[in-house]
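Q: Could you build all of it, start to finish, from the sequences and the hints given here?
Chains as they are written, first to last, in the numbering used here: chain A, 794 to 1165; chain B, 794 to 1165; chain C, 794 to 1165.
Quick caveat, the hints were computed from the structure, so don't treat them as lab data.
Do not rely on the hints blindly, as some may be mistaken.
Each pair may be met inside one copy or between any two copies, as identical chains are not told apart.
Lysine-lysine pairs mimicking DSSO-like chemistry, simulated, CA-CA at most 27 angstroms apart [to be verified]:
#1 Lys-1053 - Lys-985
#2 Lys-1018 - Lys-1053
#3 Lys-933 - Lys-1081
#4 Lys-905 - Lys-859
These numbers were taken from a predicted model, which means no experiment stands behind them.
The chain contents come next:
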Amino acid sequence: MCTCITDFLTYETTKSVVVKSWTIGIINRVVQLLIITYFVGWVFLNEKAYQVRDTAIESSVMTKVKGFGIYNNRVMDVLLIYVVLVKIVHKLNNCPGWNLEFTCTQDSNCSKYVNKPGDYGILTGRCVSFNTTMKMCEIKGWCPAEIDTIKTTPMMEVENFTIFIKNSIRFPMFNYTKGNFLPTISSDYIKKCNFDMVNNTYCPIFKVGDVVRYAQQNFTKLADKGGIIGIKIGWLCDLDKSDDCNPSYSFTRLDAMSQKNAVSPGYNFRFAKYYKMENGTDYRTLVKAYAIRFDVLVNGNAGKFNMIPTLINMVAAFTSVGVGTVLCDIILLNFLKGAEQYKAKKFEEVKRTTFLLVLYNNTVYKMYIIYI
Amino acid sequence: MCTCITDFLTYETTKSVVVKSWTIGIINRVVQLLIITYFVGWVFLNEKAYQVRDTAIESSVMTKVKGFGIYNNRVMDVLLIYVVLVKIVHKLNNCPGWNLEFTCTQDSNCSKYVNKPGDYGILTGRCVSFNTTMKMCEIKGWCPAEIDTIKTTPMMEVENFTIFIKNSIRFPMFNYTKGNFLPTISSDYIKKCNFDMVNNTYCPIFKVGDVVRYAQQNFTKLADKGGIIGIKIGWLCDLDKSDDCNPSYSFTRLDAMSQKNAVSPGYNFRFAKYYKMENGTDYRTLVKAYAIRFDVLVNGNAGKFNMIPTLINMVAAFTSVGVGTVLCDIILLNFLKGAEQYKAKKFEEVKRTTFLLVLYNNTVYKMYIIYI
Amino acid sequence: MCTCITDFLTYETTKSVVVKSWTIGIINRVVQLLIITYFVGWVFLNEKAYQVRDTAIESSVMTKVKGFGIYNNRVMDVLLIYVVLVKIVHKLNNCPGWNLEFTCTQDSNCSKYVNKPGDYGILTGRCVSFNTTMKMCEIKGWCPAEIDTIKTTPMMEVENFTIFIKNSIRFPMFNYTKGNFLPTISSDYIKKCNFDMVNNTYCPIFKVGDVVRYAQQNFTKLADKGGIIGIKIGWLCDLDKSDDCNPSYSFTRLDAMSQKNAVSPGYNFRFAKYYKMENGTDYRTLVKAYAIRFDVLVNGNAGKFNMIPTLINMVAAFTSVGVGTVLCDIILLNFLKGAEQYKAKKFEEVKRTTFLLVLYNNTVYKMYIIYI
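A: Written out as structure tokens, the structure reads:
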């Protein structure tokens, strides 16, 4: 029993060979210093490994656009500023189709299309005159058909519109809340101020022209075909310092592929408003518009000192300091003066051994002898 | 002083026992080979540990739906294709309520509800005739009340509608942009092509019927009650290879629970349009519609070779190679032939020791003797 | 050749010094026990390191709001319940401007503003009478101009509105789907039940007043200026247990900064509906409304047993058990009784050595002697 406990309580420590050589000693200490510098400088100070980090940022964004000619001033994360390209009034009726694939000479050409959906209506199966020279299959739908080739009037005055962004964030791990403008600002300040990347990052009013410029886009080209601009609000907060939680804005064009291809060169859409007149006829106004769309994207994380990651990284640092011995051993056993002697000292071969029993002073001693 | 420096510059290396046994040697090298194979094969090649990875993908999505009968062709990330189930015209007026809990026989039954909101109006407190046999508490609201039991006409022609998806992504760490169709495609190609999972993944035009089929849904059942389909665009890019950044599409039904329960079996909603007639009366058209909603979800990451993760993982690999000695030591000291001898060689017990001083050739030598 | 193979197949194991001391033995085993307890208790049981984790949750949310006076019952992830603050009818016409910065005495004061956009129209350059005492620059736009100072009627009855949330989630790695209410619930139950944080978390019907109260907000104050409430649905699933995948709801006010500042104290927006009258004049109804907006935020992850993370963490555990020797060595070599002897045993200095060649029994033996 006692032997069991003694066996359980034995402690093994590795045997070491001590080398008193200035060369290898200096190399060893230099390598250890590099490792410690890496941990202190990079891991602890730069990567802030002594902090616990909250990446689950909660964010709410409220936006307003102000400027004359705003049609739909909705308050969502995605703003749409659009200009009407063409507005056409349609009447729900029977009329000749428009698509060149529906040309015909007589009703039998159209009968195969009966009740199949086309772009603007369901085909009736009859062939009717489109103009003096051409006949088309008749559709029951919104007449006349849409025409795509009216020149746009770019939305120049949009450049002076202003966007108000109110972003409120919270880090739930620390119950810390902040907003993108100071609670102390006054109504007058808000009415007059303008966001500036260099001088004034605390004003939440952005001029559309400025935002487009910060995203390195030419406003005229962007307004011509439309596009999507991203307003990124990044929050990198260090809660150990008293005032180190501020938003940093960056602006980028999100639909970069629009600039490279001719098929879908920008951002446009259609919508229709439907009316019923007194006599019961259905009308609709079809609007095709180009738009600049602004997506507000919020991300961020916050860190605060915590004992657990600090301890874990300190243990990792101390453990890593010993990694240098791999390099030092290679130098010691191969390149240093007296390497052979060190090698002999470090490595013991297991060979056949004998021992002599020697009687001395009435005690028996065991003397180990190594074969050559 | 000099002793201090010498002490600081000592170097300790562990003493090793060298075993020249083919058995344990082969086991050792096999274990090391397995560890190296794991690192090279899995960590470096499969997991691409030599690359730095950017997971903060920036994405913009623009969608269009084309097909006759599209009521609201909005251009958002979430498309709604709906079909009208029932359209009811209401007039703002006083009329009998509808909900069976508001049955009454006289005004006093209704007086407790006065000015409390019901489903379709505020109760006036009076009890009026609903039909020849029943009386209900009167509401001031939108009359007549909504009726829920009209059979739907499923939206069969929706199967042929087409969805155009333009997705532009950017990896900010590498300033790399790409889109889901090639910039060289022509207008004609776009007008005719159709997305196909096998043959044609570069066409951004998707037929609704195809999308529903790829999501393993039956179109008739889905159209009957509505549902939500997710179109997932995944970007896994390896920027070290010249053409390895392409979107991979997958389609799934997001509201799986709709299929399993009877209470809320799909996706439907109501909206109302409000009118004022010439005589000043308020009217509304209440529309209840079923819809198929398409959510476009974009995710992805990109990797590119970088020296720092490569070095860190190489150091981890080299350090891990030594882990095999744990297993080899167990075999060496317990199962190998001659295990006792190895054990004796490996472990030195600390026992009482004496030394003999021996005079030889005018120099004193210290000879250590170990007790049995 | 054979020597090469033999050299390649040598195995090195570190030499160890065995200390049979109860003190250091107990300290060693206690430290090892602490390390094992940390791994078993924290890493394996608490952090579930034996599981592979899927964080890419797919979620779809469908919401409905019910209650009298709902104007726009859209079915999106973001609900807007708003109350109309003021409704003004405008006519597109020429009229005096409203903004005090456009006061004037004669046309020349206004000529500098010609064709520049103001808040409600483009200035014509003429100076016209605003009232008996004041003249303003004329605008061509929506007249009369908006007035901001009408008292609101808070939306008290909104407190009893109900929100129905249907959330369906899927973990693609395990192809596991779940919803926030049981598929077995009946229509009657849904019509009557009400969500309760304590007693009834399986009813998907939420009273607006309850949600606001759970978010620790005062309904009257919130309704007065509007605000944004977050409904967070968290899914932490352990798929090794049979019924451990349930949603946990939390409610929070997302626009905390609204409460602290006077400039933008809540959540309000404007929209306009446009009409054309029979005589061709354009009219619009401008509505300014305060709203409570509800954002539904879904997140979560699921874990399931997997051999790979189990093995990796077991290897890490075993490797870490040896870290305790750093502390034990410090105690052994500095503080324990007999420390000097242990130090002498553990460290071997490399010094000049000589050996004696001894002839015994016709075999030559090498006897190493260490200098003092």
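Q: Each hint needs a verdict: does it hold in this structure or not?
A: Cross-check of the supplied hints:
{"no.": "1", "hint": "Lys-1053 - Lys-985", "result": "between (38 angstroms within a copy, 21 angstroms between copies)"}
{"no.": "2", "hint": "Lys-1018 - Lys-1053", "result": "within (13 angstroms within a copy, 41 angstroms between copies)"}
{"no.": "3", "hint": "Lys-933 - Lys-1081", "result": "both (22 angstroms within a copy, 25 angstroms between copies)"}
{"no.": "4", "hint": "Lys-905 - Lys-859", "result": "between (52 angstroms within a copy, 21 angstroms between copies)"}
Checked against the numbered hints listed earlier, the structure breaks none of them; every hint is satisfied.
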